[in-house]
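Student: Heads up: the sequence shown is residues 1 to 299, going by the UniProt record's numbering.
Calculated directly from the structure, the hints in this document are not laboratory data.
Wrong hints could be hidden among the right ones.
Across the chosen pairs, the derived CB separations fall in these ranges [stated by the list, open to error]:
{"no.": "1", "residue 1": "Trp57", "residue 2": "Pro192", "range": "21 to 31 Å"}
{"no.": "2", "residue 1": "Lys110", "residue 2": "Leu211", "range": "41 to 51 Å"}
{"no.": "3", "residue 1": "Ala58", "residue 2": "Gly172", "range": "17 to 27 Å"}
Remember, it's a predicted structure, so these values are computed and weren't measured experimentally.
Note that the Cβ used here is the ideal one computed from N, Cα and C, for glycine as well.
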Amino acid sequence: MLALAAIWGCSFLFISVGVRELPPLYLALGRVLAGSVVLLAILVVKREPLPRDPRLWAHSFVVGAIGSAIPWTLFGYGEERIPSLLAGIWNGITPLIVLPIAVLIFRTEKFSAQRGFGLLIGFLGMLVVLGAWRVQAGADLAGQGLCMLAAFFYGLAIPYQKRFLAGTTLSGTALSTALLLCATVQLAVVAPLVTGQAPPAPWSLSLKVVLSVVALGALGSGLAFVLNMRNIRLIGASRSSMVTYLMPVFSILVGVIVLHEHITWYQPVGGLIVLAGVAVSQGLVTNLRRKPAVVTATT
Numbered sequence: 001m002l003a004l005a006a007i008w009g010c011s012f013l014f015i016s017v018g019v020r021e022l023p024p025l026y027l028a029l030g031r032v033l034a035g036s037v038v039l040l041a042i043l044v045v046k047r048e049p050l051p052r053d054p055r056l057w058a059h060s061f062v063v064g065a066i067g068s069a070i071p072w073t074l075f076g077y078g079e080e081r082i083p084s085l086l087a088g089i090w091n092g093i094t095p096l097i098v099l100p101i102a103v104l105i106f107r108t109e110k111f112s113a114q115r116g117f118g119l120l121i122g123f124l125g126m127l128v129v130l131g132a133w134r135v136q137a138g139a140d141l142a143g144q145g146l147c148m149l150a151a152f153f154y155g156l157a158i159p160y161q162k163r164f165l166a167g168t169t170l171s172g173t174a175l176s177t178a179l180l181l182c183a184t185v186q187l188a189v190v191a192p193l194v195t196g197q198a199p200p201a202p203w204s205l206s207l208k209v210v211l212s213v214v215a216l217g218a219l220g221s222g223l224a225f226v227l228n229m230r231n232i233r234l235i236g237a238s239r240s241s242m243v244t245y246l247m248p249v250f251s252i253l254v255g256v257i258v259l260h261e262h263i264t265w266y267q268p269v270g271g272l273i274v275l276a277g278v279a280v281s282q283g284l285v286t287n288l289r290r291k292p293a294v295v296t297a298t299t
């Protein structure tokens, strides 16, 4: 879980470096392409096939768009305007978005007063991160809005994936590969149309940018997907989702240490309030209060 949090937390640093020379759409394209290559190689080694059911490919096409292509592009545009550590904090609101969508749209979760209270705490934390009492229109507000929208698409993709893909017998690696292949096709078509330019040649980019794209794809979209699926199988979906609590820590650390970014006091404080809301809405606080049952050995 620590390795996964470090990989995903550091992804925001790589995005910040990548958008210095690449349009966000082409950065996202490079990421999904590199991730697809890594996961295809893993499938070859494990001798596992790709999905064959057309319905799985149709759902993979949807999740590839709302869970990869769109949010990764939005984070790129957002990090053209705000520091990477702030983008990492906004990523932490994803579980708060998942809950109402899962309850109201996909009907995969049930609502309760405790979950409603957690959402309220998380909403207040979002206002603190945003600095609602002092924010002004401009690049900062636009950047934070784009990252917030990216988290919304993450929140939409998770219950969709649970509703339509979780029941399949295929491995997580095969499903993840299908999602990234679909996202690669989508971005390969959309990126030239939106940017109005062909993709830059790799040799025209600096080594830092090339390595950032490779790291985003090979680590953030390849290895991380495999680690996440292994965590789910080892400790369950609920516990594995706690990686959300650790990711902002890594994004803040690498942003300050590596990129020398500055942070104001209310941004990490708001992030902590958001995570507290996530903990309440997921029932973590209640579970911690419960005392374990005493088991008496009998002979």
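Student: For every hint, state whether the structure bears it out.
Tutor: Against the structure, the hints:
1. Remark: the range hint 21 to 31 Å for Trp57 to Pro192 is upheld by a beta-carbon distance near 24 Å.
2. For the hinted restraint 41 to 51 Å between Lys110 and Leu211, the CB-CB distance of approximately 45 Å keeps it satisfied.
3. Look at Ala58 against Gly172: about 19 Å separates their beta carbons, and that is inside 17 to 27 Å.
Violated hints: none; the structure is consistent with every hint.
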